[in-house]
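2 protein chains.
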Amino acid sequence: MMKKIYANGTDEKAFLEQLAKRTGETDKRVSQIVTEIIETVRAGGDQAVQKYTKQFDGELPQYYEVPQEVIEDALNEADEDFVNALLDAMENIADFHNRQRENSFVNALPNGVLLGQRIRGLKRVGLYVPGGTAAYPSSVLMNAIPAKIAGVEEIIMVTPPRKDGTPNPDILVAAAICGVDRVFLSGGAQAIAALAYGTEQIPRVDKIVGPGNIYVATAKKLLYGVVDIDMVAGPSEILVLADDTADPAFVAADLMSQAEHDKLASSILVTTSEKLADAVLVELEKQVQSLSRKEIIEASLRDQGAILICDCVDCAVELANAIAPEHLEVHLQNPMEYLGRLDNAGSVFLGQYASEPLGDYFAGPNHVLPTSGTARFFSPLSVSSFLKRSGYVYYTKEALADAKDDIVLIAEREGLTAHANAIKVRFAKD
Amino acid sequence: MMKKIYANGTDEKAFLEQLAKRTGETDKRVSQIVTEIIETVRAGGDQAVQKYTKQFDGELPQYYEVPQEVIEDALNEADEDFVNALLDAMENIADFHNRQRENSFVNALPNGVLLGQRIRGLKRVGLYVPGGTAAYPSSVLMNAIPAKIAGVEEIIMVTPPRKDGTPNPDILVAAAICGVDRVFLSGGAQAIAALAYGTEQIPRVDKIVGPGNIYVATAKKLLYGVVDIDMVAGPSEILVLADDTADPAFVAADLMSQAEHDKLASSILVTTSEKLADAVLVELEKQVQSLSRKEIIEASLRDQGAILICDCVDCAVELANAIAPEHLEVHLQNPMEYLGRLDNAGSVFLGQYASEPLGDYFAGPNHVLPTSGTARFFSPLSVSSFLKRSGYVYYTKEALADAKDDIVLIAEREGLTAHANAIKVRFAKD
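These protein sequences, in sequence, are chains A and B. Throughout the first sequence, residue numbering follows this note's numbering, covering 224 to 653 in sequence. Throughout the second sequence, residue numbering follows this note's numbering, covering 224 to 653 in sequence.
Please keep in mind that the hints were generated in silico from the structure rather than gathered at the bench. Please read all numbers here as calculations on a predicted model, not as lab measurements. There may be inaccurate statements among the hints.
Identical chains blur together in the list; that is why a pair holds if it fits in one copy or across any two.
[Claimed, not checked] Within a straight-line C-alpha distance of at most 20 Å, the following computed SDA-like cross-link-like pairs (lysine to any residue) qualify:
(1) Lys251 - Thr263
(2) Lys251 - Glu262
(3) Lys486 - Glu637
(4) Lys647 - Gln512
(5) Lys652 - Gln512
(6) Lys244 - Glu262
(7) Lys627 - Asp470
Please construct the entire structure, taking both the sequences and the accompanying hints into account.
Pasting the structure below:
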């Protein structure tokens with residue numbers, strides 16, 4: 224089901240090159256379609272959004288904006304165990320993200336100078352929630368909770384209606400418990416364009432977060448700069464680092480938990496033990512039979528997955544760093560010893576009981592993570608993602624007099640005489 | 224020289240619409256040219272870079288990579304006052320940015336669970352420094368110092384050669400005192416592509432920072448996702464908020480200090496005092512005569528500048544927030560009282576001695592700031608810009624047993640049975 228590849232061979236090179244090609248580049252045909260949608264929504268507002276909703280999602284939705292009482296009813300009518308599970312998860316997620324708060328500072332000098340940095344939440348954030356089988360309440364929690372902690376004043380959710388025009392009730396439940404302020408039934412690139420520019424009814428936001436298909440991702444990328452976005456996200460990935468102490472049943476189950484997301488999802492085992500590799504292959508065959516997304520899992524493991532067999536743990540670690548996966552599981556003896564060497568990963572799962580789905584739903588760290596090798600430079604979604612900073616300066620005349628010569632010298636050296644003049648003019652009458 | 228516009232009239236609306244159109248959108252023709260350059264450099268490496276350098280910058284540069292001894296010589300031969308001025312500035316900039324350091328954390332629970340966030344510097348960063356008259360040593364300081372403080376291991380500078388093929392010595396001096404590791408004489412979109420993908424000689428970087436012309440900015444935008452970038456930067460902007468306590472000579476000088484950057488730079492005075500407005504106009508005429516960039520200043524003030532006259536200070540503050548300028552100067556009585564209401568600005572200069580060039584060169588806060596209204600959601604360059612985070616989780620079997628039911632419930636509700644299986648399989652043998 225997964226191909227075995229020996230490290231340092233030609234197959235490994237081909238596999239790594241295939242992986243590297245996943246790096247966030249945009250399909251030109253999709254770009255054209257999305258550009259047209261963006262321009263139409265920018266000019267036509269809500270009417271254009273509704274036109275596209277009808278075109279792509281079938282009938283017009285039951286509501287454009289979901290009334291508050293419908294959201295409250297969804298929460299009141301929801302299965303109690305489900306609501307409690309979400310509340311348990313929310314507590315852990317909030318606890319972790321509360322530790323990411325940042326404070327403003329000011330350096331007040333004895334000569335009267337103030338040098339500061341103000342930090343505050345963005346005013347208004349848009350949260351995209353996909354429809355269909357990818358409508359995940361956990362994603363609402365992971366996006367909305369850090370925004371709330373950052374002090375974002377208003378969260379606007381957009382999500383496509385279901386086939387029958389109604390909202391997905393589980394999504395509304397998650398929205399209600401997280402304190403999402405408004406929900407619009409609108410999806411695709413048209414919803415992203417509406418959030419970026421604002422329409423008559425959908426307010427313009429400062430940042431758009433949340434996963435989506437290629438049209439949504441492309442719209443976010445094209446509108447980056449008009450609005451801030453969370454990241455350029457690709458298909459999900461897991462890399463499991465394992466030695467012969469690993470349990471093959473656990474490893475196989477975790478590889479499949481990512482593979483079930485998408486045929487393009489990538490599940491990679493990097494191991495020093497060929498014995499483990501073979502045992503994992505047996506476990507995959509066995510466990511996949513009972514899984515509802517068997518077909519997706521098999522396609523994903525066959526086309527995007529691989530078992531890379533390395534000569535030593537150091538080589539395995541180096542390979543993991545080169546691949547820079549979204550999720551990295553460490554099934555090595557004494558897993559904590561490797562934390563400081565794992566340079567590139569969105570989220571790290573240490574030891575055999577830190578299964579990736581634990582992080583998806585429950586443990587606390589965010590599950591919105593950099594993909595396609597971008598863990599080399601991008602970070603998970605966090606409270607910081609919803610904060611904005613400004614520097615500020617207060618100066619006295621005396622302090623400026625002390626700094627004057629340095630500033631004028633550098634400005635004139637740069638050929639910027641109006642910069643120099645702005646300092647000199649303040650002492651012209653002395 | 225600057226048009227006077229009364230708030231709430233039709234002229235104001237037209238002016239604000241003109242301003243809003245500045246928002247970071249990409250020119251299609253430039254995009255095409257830059258896309259071709261990127262693809263050529265990606266395929267052709269250093270040879271392609273050198274081909275474009277010859278095409279756009281004239282002759283081939285004296286060196287492709289500037290030897291370390293040439294950089295050291297530039298520092299040794301530099302004017303002592305200039306070096307000392309840069310060192311004074313560096314001390315202030317480093318002091319301010321040291322306060323932006325962030326720490327990793329771990330929440331170690333009594334049940335053996337560890338929930339953590341690792342923070343560390345990016346490995347390798349590319350710093351673009353423009354050539355020609357826009358070759359600013361201060362820009363090297365503002366980009367390199369926070370990277371160093373963040374713990375970036377290697378800073379690669381790229382900068383176009385001068386017309387005669389030699390490097391700009393002032394840039395080398397700034398590079399030397401900031402600890403830039405390597406300098407390549409290469410500019411334009413080709414240098415950005417080389418940093419993003421790596422060539423035989425120019426190493427691939429994790430993030431590219433630094434200002435540049437439209438080709439450089441477009442290359443950065445197109446490569447965002449392949450590599451991280453600092454921001455999508457447009458022409459410089461200043462907005463001065465002033466009442467009748469302001470000194471018109473100071474206000475005029477500061478407006479011109481931004482106007483001299485570029486004919487597209489935007490200098491705006493928002494004031495409650497028509498008397499001040501008229502006095503500023505007189506001062507502009509007077510002071511501009513002695514400035515070397517008179518022509519640029521006059522074009523910028525005429526085409527992009529305006530004096531907006533408001534009925535009240537609250538309206539003036541609201542207008543400043545709507546415009547979201549890169550630099551915001553507050554020449555109001557009791558300027559500190561307004562800090563908490565100035566929502567959208569990259570950097571705020573409070574009081575009549577906090578002249579904008581003080582911030583450009585010397586005070587400490589970063590001068591790499593969001594432009595074109597993006598201060599609504601983007602932040603100044605900071606130490607955080609060069610950090611990357613990873614979440615991590617260590618769990619025990621007992622802790623997972625406690626969490627099991629919640630995780631399985633949410634996973635199954637989301638239709639992700641392989642996620643549920645990954646948890647269940649860990650207790651299958653019990």
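> So which of those numbered hints doesn't the model satisfy?
Replying inline: none
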